Structures are given as C-alpha cells and as structure tokens.
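2 protein chains.
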Amino acid sequence: MLDSPSPKRTPLSDLGEFALIDRLTAAVEIKAPSTKKGVGDDAAILDFEDSEVLISKDLLVEGVHFDLGYVPLKHLGYKSAVVNFSDIYAMNGIPSQLLIGMAVSNRFPVEALEEIYAGMLLACSRYGVDLVGGDTTSSQSGLILSVTAVGHVPKGTAVRRDGAQAGDLLVVTGDLGAAYMGLQVLEREKAAYQANPNLQPELQGHEYVLERQLKPEARKDLRPLLKDLGVTPTSMMDVSDGLSSEILHLGTQSGLGCTIYEDKIPMDPQMMHLAEEFGINPITAVLNGGEDYEILFTIPIAEWDKIKGNPSLTPIGHMTQDKVFQMVTNAGQSIPLEAQGWTAFQGE
Amino acid sequence: MLDSPSPKRTPLSDLGEFALIDRLTAAVEIKAPSTKKGVGDDAAILDFEDSEVLISKDLLVEGVHFDLGYVPLKHLGYKSAVVNFSDIYAMNGIPSQLLIGMAVSNRFPVEALEEIYAGMLLACSRYGVDLVGGDTTSSQSGLILSVTAVGHVPKGTAVRRDGAQAGDLLVVTGDLGAAYMGLQVLEREKAAYQANPNLQPELQGHEYVLERQLKPEARKDLRPLLKDLGVTPTSMMDVSDGLSSEILHLGTQSGLGCTIYEDKIPMDPQMMHLAEEFGINPITAVLNGGEDYEILFTIPIAEWDKIKGNPSLTPIGHMTQDKVFQMVTNAGQSIPLEAQGWTAFQGE
Numbered sequence: 026m027l028d029s030p031s032p033k034r035t036p037l038s039d040l041g042e043f044a045l046i047d048r049l050t051a052a053v054e055i056k057a058p059s060t061k062k063g064v065g066d067d068a069a070i071l072d073f074e075d076s077e078v079l080i081s082k083d084l085l086v087e088g089v090h091f092d093l094g095y096v097p098l099k100h101l102g103y104k105s106a107v108v109n110f111s112d113i114y115a116m117n118g119i120p121s122q123l124l125i126g127m128a129v130s131n132r133f134p135v136e137a138l139e140e141i142y143a144g145m146l147l148a149c150s151r152y153g154v155d156l157v158g159g160d161t162t163s164s165q166s167g168l169i170l171s172v173t174a175v176g177h178v179p180k181g182t183a184v185r186r187d188g189a190q191a192g193d194l195l196v197v198t199g200d201l202g203a204a205y206m207g208l209q210v211l212e213r214e215k216a217a218y219q220a221n222p223n224l225q226p227e228l229q230g231h232e233y234v235l236e237r238q239l240k241p242e243a244r245k246d247l248r249p250l251l252k253d254l255g256v257t258p259t260s261m262m263d264v265s266d267g268l269s270s271e272i273l274h275l276g277t278q279s280g281l282g283c284t285i286y287e288d289k290i291p292m293d294p295q296m297m298h299l300a301e302e303f304g305i306n307p308i309t310a311v312l313n314g315g316e317d318y319e320i321l322f323t324i325p326i327a328e329w330d331k332i333k334g335n336p337s338l339t340p341i342g343h344m345t346q347d348k349v350f351q352m353v354t355n356a357g358q359s360i361p362l363e364a365q366g367w368t369a370f371q372g373e
Numbered sequence: 026m027l028d029s030p031s032p033k034r035t036p037l038s039d040l041g042e043f044a045l046i047d048r049l050t051a052a053v054e055i056k057a058p059s060t061k062k063g064v065g066d067d068a069a070i071l072d073f074e075d076s077e078v079l080i081s082k083d084l085l086v087e088g089v090h091f092d093l094g095y096v097p098l099k100h101l102g103y104k105s106a107v108v109n110f111s112d113i114y115a116m117n118g119i120p121s122q123l124l125i126g127m128a129v130s131n132r133f134p135v136e137a138l139e140e141i142y143a144g145m146l147l148a149c150s151r152y153g154v155d156l157v158g159g160d161t162t163s164s165q166s167g168l169i170l171s172v173t174a175v176g177h178v179p180k181g182t183a184v185r186r187d188g189a190q191a192g193d194l195l196v197v198t199g200d201l202g203a204a205y206m207g208l209q210v211l212e213r214e215k216a217a218y219q220a221n222p223n224l225q226p227e228l229q230g231h232e233y234v235l236e237r238q239l240k241p242e243a244r245k246d247l248r249p250l251l252k253d254l255g256v257t258p259t260s261m262m263d264v265s266d267g268l269s270s271e272i273l274h275l276g277t278q279s280g281l282g283c284t285i286y287e288d289k290i291p292m293d294p295q296m297m298h299l300a301e302e303f304g305i306n307p308i309t310a311v312l313n314g315g316e317d318y319e320i321l322f323t324i325p326i327a328e329w330d331k332i333k334g335n336p337s338l339t340p341i342g343h344m345t346q347d348k349v350f351q352m353v354t355n356a357g358q359s360i361p362l363e364a365q366g367w368t369a370f371q372g373e
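Residue numbers (our numbering), protein chains in the order written: chain G, 26 to 373; chain V, 26 to 373.
None of these hints come from the bench; they were simulated from the model. Quick caveat: nothing in here was measured; it's all calculated off a predicted structure. Possibly wrong hints are sitting among the right ones.
The list makes no distinction among identical chains, and a pair is therefore deemed to hold if it is satisfied within one copy or across any two copies.
Unchecked claim - Lysine-lysine pairs mimicking DSSO-like chemistry, simulated, CA-CA at most 27 Å apart:
hint	residue 1	residue 2
1	K215	K245
2	K333	K99
3	K99	K348
4	K180	K61
5	K215	K99
6	K252	K333
7	K289	K215
8	K33	K348
9	K331	K99
10	K333	K56
11	K56	K245
12	K61	K240
13	K245	K61
14	K180	K56
15	K215	K348
Pulled out of the complex, with its shape left as it was, chain G reads as follows (with noise of 0.2 Å):
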C-alpha cells in the first residue's frame, strides 16, 4: 500500500538472462579501493592488503521476512543491504562489497527488480559499498533474495562475540523496540485496509517506528565514535533479533553471564506510547522484538568514564561470572532472560 505506482511493466519473459543481468547492473559503480574487478567475471577480485576479510551471509524469503503488501520494493532493497553492513559493523569493521541473489516467480515485473536494485545500490552508495557480483533467477513463488556483504578491518581489531570478561559493562548504540512496533502499525493498518479497501491507512505521527522498521540504518557511527572516545570493545554483536536472544548468545560465547537493568534500557517515547496503544508492555518489544540493528558490546568497567554521558552509548548491564541472565525490573524483581529468536517453521 505504500508502493509507488509503476505503470510500466515489462515480463520477465521478455528478456533473457543476459540481458536481464545487465539491464540491473548498469547502474553499478566500483569505488571502494579494495574492489578489483565487479560484476561480469565468474567471481570478483577483491584486494584487502594487509586488513582482515569480513564475510557475511543471509537469505530474505517473502511471507517469512518480509510482507509485500507494505514493503516498498525500494525500501526491501535497502534494508537487505543495510542489515547484512549491520553484521559487518557488529564485527568493528568496514563494510566495502555486496553481492546478490535474487529468486523471483514471473508475477514480478523486470521494473519491480529495478526497483529492489535501486534500494540496494542507494544503500551501497550511502555507506559507501560496491555491488560486485550476484545471480539472479527464476521461483516458483514469491521473491527471495540471498545477501552476502563483505567487508574488512585491521588485522587483529576484529570484535567477537566470545570476548566479553565478568565484570564488563554492556553497552547498547541508540533505542530499542521501535522496529518491532512498527510492524505492528503496519499489520494493523494492512489488517483494516483488507476489511475495507477505501479506508486510508493511518500512518501520521508513527513516522519514527515505521522507519525503523521499514529503512533501518546501521551503526556506521559506531567505529568512529569508539576510535574518538579510546575504547576498546571487548566484545560486539548487532541486536538483530530480540536483545533477550542477543544477550544470551553473548553471554554463552563468552562463557558468562548478564545482569541487566530494565530502568536503563534506551527506549524513544513514540514506540512506548505506541506499545501501551496496542496493550504490549515495551519491555516486551525490547526483548523479544528485533530488528533493530542497535550494536551491543562489552567494555572494561574502567572504561565506563570515557562513554559516561555520551547520548548514542547506554550502559544497561553487566556481565556476571555466574552464568545466570536475568534483568532487575522496575519493580526491582530479578526474571530470567529467555531465547526466543527466529521461530519461523513454528504454527506453519
């Protein structure tokens, strides 16, 4: 519903594979400094010198990730390459090269490709990414699309998950939640427009959720920000899923614990008014929700003064030598932390 018109549309039976791939990659340009040779070869050079290689993969399936019915091709093109810098960024890297698969049934025009293509390669200018290489072929439902993001970082200054020490602070990047609610806002509205077509959907005033949800941008701040205040993470990791499932895989890679405080979880008011509108306790949204493409990361307690007051960095926690996770609510009770992560093949 929040799709632009598009008048023109071309079958993809109207071109073959070639053509196809070249009508989507004309467009590319090679910037990055590491990148050699693109697209057009059977594999793309890439030259790093002396830094660590950062890989990154996931796949994007429609109906499972996404829902067309208010996903702008754009916007899907831009959050799938946006996400997968994410995890470049979660690793204290550099992204610098994407590659892409596309599957998609013959109900898609050749313009709504163009038009994922375009949301990919604006994603890629803005942080500075080369689209070098990818496949694209045919389904026999629905779009997919598989994402691999390259990028480096200095040798030895990767951040791991397994790094974190007991006694740690962990810290979070920005405000947790909204993506999750702007999903709600956008099901809700998809769910009143298919009882009643004529209906407008109300999106006024939920402009922050819905782009947290609909163009989510990753921590490129992160790495400067760190390098200015002279801190060293001892561990890292996007919060792609809920911070419940992030923490705990953190925590057990690092072969710890967490304790964190509900009181100093960064929210922004619009998710929580949000969240009392549709009855959700936002501590739910925060935990359980995902997406929002925050980082999370440990530090040394003695480094706590050098990110003190900062308005981007929120201790929330810390880490504990036993290897319980639980968060101290506002009513000052102690609940444990659960996994729920991705349960797609559940109720189908």
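Fit chain V to the given chain G structure using the hints.
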C-alpha cells in the same frame, strides 16, 4: 528415486533456529590457513595476507535448477558446493571458504537438511575448503540454496574473461555434453517411473553421464597443470552454461570473435552413443547443454607446443579480430554460434 531411505524424520518445528544451526554445523571443521573465525559470529573473519580475494555467488532453486525426484540430497549439497568452487578455479584461483544459505519448507525434516550439509561438507573436505557461515530459514514452498564461495589468488595472477587476444588458441579441459545427456537419462527414467512406479530405473551403462550430471567435479587439477607446463592463460572461464554462450561471453568481453571446429570438440563415447539413442545431435548437447564445469581458456598460439598431446587439454579453435562467432562443422560449413543461456523465465 536414487535417494537413500531415511527412516528418521524430525520435523523442523521440533528444533528452534539456534538448535537447528547448532545441529547442522556440528561437524564443521576449520582447516584453511586463511580462516581465522568461521560460523558463530556476525561475520566470518578471513586473512589472505598478500593474496587477492575471489568471491562468487549462486542461487539454486528447486524445480528450476534441480528436481528432487531424482537428485539425492547429499549429491545436491555436493554439487552446489563444487559448482561454486568451479567459479573460483575459473579465475585461476584456489577456493578456501564457503557460505551456505538454505530456505526450506516444512515438508523437509531435519534429516534432509543434514543430508544436504553432509554433501557440502564432503565437497569442502575434498577441495580443502572451510564452511564459514550462512543462514537457514523457512520458505513457503520448496528448497532454495544460496552458495557463496570465497577463494584467493596471488596478487595479479587472477585470469579474467576479458584478456583474450586475436589469434589466441581456445582450449577446453575434459569433455563436453555429458552432463546434459545425464539429465536426459534422468528425465526419461523419471517419466517411466511416473507411468509405472513398479519399474526399476535403467541406469546401468550410463554411469559416466549420470555422474557428470549428479556429482560433477571442478577442475582443481588445472592450476597446477598449467604451472607445470609453464603456460599462462590470457583469459579463462568455466563452462556452466552451454559452450556456445560461454564462448560468446569470453569473446565479447575481450572485444573479439571466435572460430571453433566441430571435429576438435572433446566428447565422451558414452555421451555420443546416448545422444544417438535420444535422437539428439551430440554437438547440440555440447553447445547448448551446460553443467559441464570444464574450464575454457585462451593461450597465445606460441604456447601451443607446451600443451600439445596433453590428454586433459584440447584446443578447439582460435580468437579472431572479426567479431564473428562461428563453428566449422564436420561437413565444412560455417554456422553461427548463438547465445542460449538460461531461459528459466520463459514458458512458465
């Protein structure tokens, strides 16, 4: 019909996301010196020191690229990995890492995914490649595999498609057309089985073409062979589509044309007999068939002596200044070479 009986069927919904990933990656070992960190973090960490990095990506869709009616899952996993290694060899590189994305519908039990993984890991082990990452998710229908291969090559020694010179000899490894004939046998036996499920498939005597289709190997022997012979190719690519469109790619990207000779094309006798049985001209299987995963490359004519008589290497023609692509037939006629490539969108 070739699949081994798999008595245990654990529904995917019995496992959560994290338990499924743990189970699938339990057998993953890291061996390549360039792998610093594999699965389990936001991104894999690789270190290629002074080498350039090669990266290639492929999307394989059930019903488009494979038919589970006759492709055993373990073979599918093996082939998906190997065809991506082939892309790295086709740059004169050495594959070293693999990332796998799988989207699967609920009709697949966990054991089916384990079979696919087992095939991929077998290929990895045979080719000295580490599985370092990926993503597993649900799909609404069918199975989709997304494969990213990473490799490396000493700086400046990658061989691209665009380096051929007029007068260069065009050389191909192995023999061509057999994978296509293997597919014809499988399609025939599938049709016979559907007509009468009590029929046993007649696969005896067709081992070579079936193996070329179901379990192809990539030409890892070519790089050391060329080194031994002291030959430096000017351009190189793999034969994954039919020979015809591959020659058009290589010639067009090099700004040249090409003349090949039908009587020089290497074909296996079993393939030729089968083509006769099916009433197919064997040269059609070669030009338009695909999935041979041999390597096509050009060398200066002055280097002909170095490869002469080598059973793995067959000169089949030469590059021309004229941008004309033609084959001289056994009858002495010149016929134009035409792009076929992938036309999966057609006829749907």
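With identical chains, the pair K33 and K348 could be close in the same copy or across copies; at 27 Å between alpha carbons, which is it: within, between, both, or neither? Close neither inside one copy (58 Å) nor across copies (35 Å); limit 27 Å.
_Within, between, both or neither: how does the pair K333, K56 come out at a Cα-Cα threshold of 27 Å?_
neither (37 Å within a copy, 43 Å between copies)
* Status of K99 relative to K331 across identical chains (alpha carbons, at most 27 Å) -> neither (39 Å within a copy, 53 Å between copies)
message = Regarding K180 and K61, is the shortest C-alpha distance of 27 Å or less found within a copy, between copies, in both, or in neither?
response = both (20 Å within a copy, 11 Å between copies)
Item to check | Intra/inter-copy verdict for K61 and K240 if alpha-carbon distance must be at most 27 Å | outcome: For K61 and K240, the Cα distance exceeds 27 Å both inside one copy (30 Å) and across copies (33 Å).
For K99 and K348, with the copy left unspecified, which applies at a CA distance of at most 27 Å: within, between, both, or neither?
Intra 43 Å, inter 39 Å, cutoff 27 Å: neither.
Worksheet item: What label fits K215 with K348 when the C-alpha limit is 27 Å: within, between, both, or neither?
Response: Neither: 42 Å inside a copy, 55 Å across copies.
Intra- versus inter-subunit Cα pairing at 27 Å for K289 with K215: neither (34 Å within a copy, 63 Å between copies)
| message | Please sort K245 with K61 into within, between, both or neither, judging by C-alpha distance up to 27 Å. | response | Both, since 24 Å and 24 Å are each at most 27 Å.
### Task
Can you give me the call for K215 and K99, within, between, both or neither, at a CA distance of at most 27 Å?
within (19 Å within a copy, 42 Å between copies)
Quiz prompt | Intra/inter-copy verdict for K56 and K245 if alpha-carbon distance must be at most 27 Å | solution = Within one copy only: 18 Å inside, 32 Å across.
Check: Within a copy, between copies, both or neither: where do K180 and K56 come within 27 Å Cα-Cα?
Finding: Answer is both: 22 Å inside a copy and 20 Å across each meet the 27 Å cutoff.
The structure fails to meet hints 1, 2, 3, 7, 8, 9, 10, 12 and 15 from the earlier list, while all remaining hints are met.
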